[in-house]
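Sequential numbering from 1 applies to the sequence shown in our numbering.
Calculated directly from the structure, the hints in this document are not laboratory data.
Where is the CB? At the ideal position from N, CA and C, for every residue including glycine.
Any given hint could turn out to be false.
[Stated by the list, open to error] FRET-style restraints, in silico, Cβ to Cβ:
#1 Lys167 <-> Lys8: 34 to 40 Å
#2 Glu89 <-> Lys168: 17 to 23 Å
#3 Lys8 <-> Asp71: 15 to 21 Å
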Amino acid sequence: MTDKEFWKIIAESKDMSNHGFEKQKSVLKEILVNKYSPHDIVLFKYFFDIYKINLYRWDLFVAYRLISKEDDEDDFLTFREWLVGQGQEFYYNLISNPDGTLVELPSQAILSLSTSMKNLSYVAIEAYVDLTGDNKVHSYIHLTDLPNDDWADRSFNETERLPLLIKKYGTE
Numbered sequence: 001m002t003d004k005e006f007w008k009i010i011a012e013s014k015d016m017s018n019h020g021f022e023k024q025k026s027v028l029k030e031i032l033v034n035k036y037s038p039h040d041i042v043l044f045k046y047f048f049d050i051y052k053i054n055l056y057r058w059d060l061f062v063a064y065r066l067i068s069k070e071d072d073e074d075d076f077l078t079f080r081e082w083l084v085g086q087g088q089e090f091y092y093n094l095i096s097n098p099d100g101t102l103v104e105l106p107s108q109a110i111l112s113l114s115t116s117m118k119n120l121s122y123v124a125i126e127a128y129v130d131l132t133g134d135n136k137v138h139s140y141i142h143l144t145d146l147p148n149d150d151w152a153d154r155s156f157n158e159t160e161r162l163p164l165l166i167k168k169y170g171t172e
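Make the full structure from the sequences, and use the hints.
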């Protein structure tokens with residue numbers, strides 16, 4: 001499993017699901033179970049966790065709060081996983097320009113994420129269990145989800161950093 005292969009799997013699962021988040025989860029599991037070894041699935045999960053952790057940023061949390069009017073970190077986790085699931089080009093655009101990238105999203109898509117029963121990264125664990133029968137996988141194929149250094153940055157100015165989202169959704 002390489003970085004390129006990871007993004008290929010994400011793109012395939014998104015395309016085959018007609019961009020629906022719930023459907024993408026089942027398609028992703030099917031791809032992993034039918035095409036990849038348990039070792040590759042573990043590597044896929046690590047890649048996914050790394051990209052997800054990279055999005056644990058204050059600017060994205062504030063953006064999520066502006067859009068959803070929620071401040072629940074569990075819902076923010078689902079949001080970050082959904083962002084990774086949008087694919088490589090979207091992901092890197094988001095990293096470099098969160099305001100411009102997120103303002104283009106339909107708010108209804110984001111608001112519906114909190115109703116999701118399981119997160120996208122959990123699908124890799126399910127695929128691994130299906131292939132191996134190992135139900136203890138939770139304890140050893142995940143990376144700790146810790147915020148980046150800028151978490152709860154008190155000097156963060158949302159009006160300066162997220163002007164497009166402020167214009168579209170208002171302030172908190």
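Against the structure, the hints come out as follows:
The supplied range of 34 to 40 Å is met by Lys167 and Lys8, whose beta-carbon atoms lie about 36 Å from each other. The supplied range of 17 to 23 Å is met by Glu89 and Lys168, whose beta-carbon atoms lie about 22 Å from each other. Taken as a hint, the range 15 to 21 Å is violated for the pair Lys8 and Asp71, whose Cβ atoms sit roughly 34 Å apart.
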